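Enquirer: Each chain, letter by letter, is given below.
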Amino acid sequence: MKPIFYIVISLFSIGLFAQNQSLFEQGNQLYNDGKYAEAIDKYQAILDTENHSAELYFNLANAHYKLNHIAPSIYYYEKALKLSPKDQDIKNNLAFANNMTIDDIEVIPNAGFSKLIRRITDIMSFDNWAKLAVASVILFVLIFLFYYFTYSTFKKRLAFITSNIFLFLAAFSLVIAFHNYNLSKKDKPAVIFAQETVIRSEPNNRSQELFRLHEGTKVQIIDTINQWKEIKLLDGKTGWIENEDIKAL
Amino acid sequence: MKFIKHTIVVLILLITSMSGAQVKFEAKVSKNKLGVNERLRIDFEMNKDGDHFNPPDFNNFTVVGGPNQSVSNSWVNGVRSFTKTYSYFLAPKKQGSFTIGQASIDIDGETYKTIPLKIEVTTAVDIPKDPNDPNYLAAENIHLVAEISKTNPYLNEAITVVYKLYVSPNTGVDNWQEISSPRYNDFWSQNIDMKGQKVQSGTYNGEDYRFLVLRKTVLYPQKTGKLNIEPLTLDISVQVPTNRRDIFGRRMMTQAHRTVSAGNKTINVKPLPEAGKPADFSGAVGDFSFDVTMSKTELKASESFQAKVEVKGKGNLKLFNLPNISLPSSLEVYEPEHNESVKTNIDGMEGSISDTYTVVPQFKGKYPTPSISFSYFDLKTQKYKRLSSNEVVINVLEGPLSAGNVNSNVISSNTKQPVVLSNDQFAFIKTKSKFSAITPSYFFQTKLFWVSLLLPFLMIPLAIFIRKKKSERDADVFGNRIRTADRLATKYLGHAKKALGKKEAFYIALEKALHNYLKAKLHIETSDLSKDRIKVLLSERGVEEETIMDFSSIMENCDLARYTPITAVTMQEDYKKAAKTISLIDKQAS
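Protein sequences appear in the order of chains A and B. All residue numbers for the first sequence refer to this note's numbering, where the first residue is 6 and numbers rise by one. All residue numbers for the second sequence refer to this note's numbering, where the first residue is 334 and numbers rise by one.
No wet-lab data here; the hints were simulated from the structure. None of the values given here were measured: they were computed from a predicted structure. Fair warning: there could be bad hints in the mix.
Interface residues of chain A toward chain B, partial, derived using beta-carbon atoms under 10 angstroms [claimed, not checked]:
(1) Ile-95
(2) Ile-128
(3) Phe-131
(4) Leu-144
(5) Val-146
(6) Leu-150
Cross-link-like lysine to aspartate or glutamate pairs, in silico, EDC-like; alpha carbons within 16 angstroms at most [to be verified]:
(7) B:Lys-767 / A:Glu-55
(8) B:Lys-824 / B:Asp-919
(9) B:Lys-765 / A:Asp-92
(10) B:Lys-763 / A:Glu-30
(11) B:Lys-780 / A:Asp-132
(12) B:Lys-836 / B:Glu-889
(13) B:Lys-763 / A:Asp-38
(14) B:Lys-765 / A:Glu-30
(15) B:Lys-763 / A:Asp-92
(16) B:Lys-763 / A:Asp-94
Every residue, glycine too, gets a C-beta built ideally from N, C-alpha and C.
The task is simple: from the sequences and hints, build the whole structure.
Expert: Following this line, the structure appears as structure tokens:
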């Protein structure tokens with residue numbers, strides 16, 4: 006019974022995959038014809054099947070941009086960028102979308118050592134760093150055993166040095182994987198969807214208004230209490246915002 | 334009975350007519366009610382002269398003048414009438430109700446007394462009135478009135494104050510000057526120019542008057558609660574008619590100065606209702622229309638355009654702030670220029686105010702200007718109304734994409750125009766995609782990850798252990814020999830062992846195995862594998878004689894076995910022997 010079930014499931018998923026491809030192509034066709042709202046519907050249908058891709062988010066964001074939907078376009082560009090962080094097209098169009106936003110927030114740049122670490126960390130995802138660590142460990146063990154069993158002095162030296170390099174690489178990528186993992190756990194970006202919203206000093210309506218934010222501004226979620234979320238701007242300002250005004254990536 | 338009634342009436346009539354000739358002694362006051370600042374004259378009148386006039390005790394009054402005596406005698410138609418009067422002028426000492434007591438006099442030996450009089454003294458009266466005083470006349474005939482259009486307006490609702498000077502037809506005004514003009518604290522005020530004013534006729538308190546509109550002021554209350562409008566005070570030269578007449582019988586006029594003021598007026602300003610007050614309400618009250626216009630919607634970067642926020646209509650135009658335009662941060666927006674074209678008439682301010690922003694886009698792209706809203710309080714419906722502008726999209730067609738690109742583009746634009754691949758275009762959608770599940774499955778920190786990370790390390794001690802075992806075994810010489818023999822046996826005699834029990838096959842396999850062994854060991858070709866040659870070769874290699882003998886005997890057995898019946902036991906023995914011999918040869922041969 007079980008094998009049949011799996012076969013059915015796999016057939017079904019293949020069917021679903023093909024269906025998503027055709028939806029994607031239909032969406033692209035509608036986009037090219039200028040029917041952006043219909044294209045959004047098609048793309049959204051793909052998302053409803055719990056499948057996604059950077060390209061899907063990118064196209065969805067483009068369609069929203071064409072319809073001047075500030076917040077959704079930025080939201081989906083950011084999602085696309087999360088899946089493929091090095092894509093120039095996404096970065097380019099995100100810059101267009103960001104031009105539509107009202108809030109001007111100065112980004113505090115990372116400097117010196119922390120910038121270096123950040124750049125190294127962002128080379129790969131933590132998963133890939135973890136895989137690299139495992140590969141390095143295996144290589145280290147193999148080369149170490151080679152060192153142990155070989156008799157030639159030259160080969161022994163060479164093997165010892167390379168094995169140590171791999172051991173170091175393994176440790177390093179493991180540390181970076183953990184660092185990246187922690188960063189991505191802390192990294193909870195969100196986009197403001199309300200056209201204008203008030204950021205308060207406490208998670209209630211009585212408290213003082215700190216500042217106002219407009220549609221499309223990207224923030225970081227730090228904390229959640231009931232219907233409120235504590236957010237942090239890129240320039241370090243923090244405050245509380247109501248759940249409905251914001252959408253987490 | 335009727336007769337008696339009639340005679341009584343006649344008698345009474347006769348008696349009263351007789352009493353007319355009787356002595357009369359009466360007290361008369363000029364008024365029964367007077368202010369504390371007024372004076373009172375009291376006359377004691379008698380129609381026959383008497384002695385010992387005894388005035389009453391005026392204990393609540395001060396006697397200002399008197400007693401003045403006057404006597405008058407007159408004969409009319411032979412009838413003499415005589416009056417003697419004692420007059421006192423009294424000023425009351427305090428307010429209240431007082432009684433002036435009886436005065437007495439002796440006339441013809443009899444004492445007559447007056448009836449006590451009750452006098453009421455009230456609070457001070459404004460002006461002691463004298464109908465012939467020109468100032469009094471002026472006061473009676475000239476009135477300054479402030480007419481207020483609404484005494485309970487809303488905050489910021491326009492009200493008008495009109496000052497009118499009423500002059501009665503028989504008086505004239507020479508000229509006037511303002512002594513104090515009202516300062517409208519807590520109001521925004523604007524005087525309306527009243528040049529070329531004409532005297533109009535109207536009524537004041539039901540009488541015909543002429544009036545002149547002196548001043549019209551529009552006021553916008555800026556505070557709620559009771560607000561006071563200060564009086565306007567004028568000094569007027571007035572021509573007042575007198576009682577005297579000139580030789581032509583016309584009334585002589587006399588000039589008087591009169592200070593008139595339109596009294597204090599209190600206005601009760603209602604606050605605007607709190608219910609439904611919009612958050613963006615900035616105090617506009619009236620009837621407005623709201624518009625946001627852009628001078629261009631399509632342009633190049635670094636060109637400028639004007640965004641105009643305008644409010645038109647009637648109401649307190651100068652008294653509220655226009656809503657700020659909120660433009661995307663990547664547009665450079667300069668301080669707005671404020672423009673007012675507002676006319677003030679009797680209904681209040683009318684016209685338009687506008688803020689004009691100069692905007693310079695820096696980067697290429699689309700810039701939607703969000704709709705901004707303007708709220709005001711509509712006086713007609715007494716409700717708040719909100720007007721929203723349309724969302725306008727500014728399309729910047731050419732220019733750098735973002736701040737990063739600016740510098741390079743600026744530098745390059747100074748020199749020749751290089752052909753640059755314009756990667757700052759809005760990118761087209763992607764046409765190919767691979768989909769993956771939204772809920773990701775991570776490898777990091779799974780069991781598999783930890784196992785595959787740590788297991789290789791376990792391999793090191795394991796390998797070392799195996800290595801150690803191996804070297805131990807290498808050191809064990811005797812055991813090694815057995816193992817070598819076993820190995821050799823299994824290597825070469827494998828087929829033979831399998832065929833054990835089947836006579837023909839066993840011996841063929843055994844022979845083949847021995848040949849193979851020798852081939853491998855002694856590097857000899859199959860062609861020269863005769864028994865003698867083998868013996869020679871083996872002895873050359875230093876194999877002991879005994880072993881060679883064993884070997885050749887096995888070979889002979891192989892040949893023999895083909896033709897003779899052999900038991901399984903013999904086969905077993907031969908197999909063991911072969912194995913032993915091979916291992917011995919292997920050891921001894923060098």
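Enquirer: Which earlier hints turn out false for this structure, listed by number in ascending order?
Expert: Checked against the structure, the only hint that fails is number 2, while the rest are satisfied.
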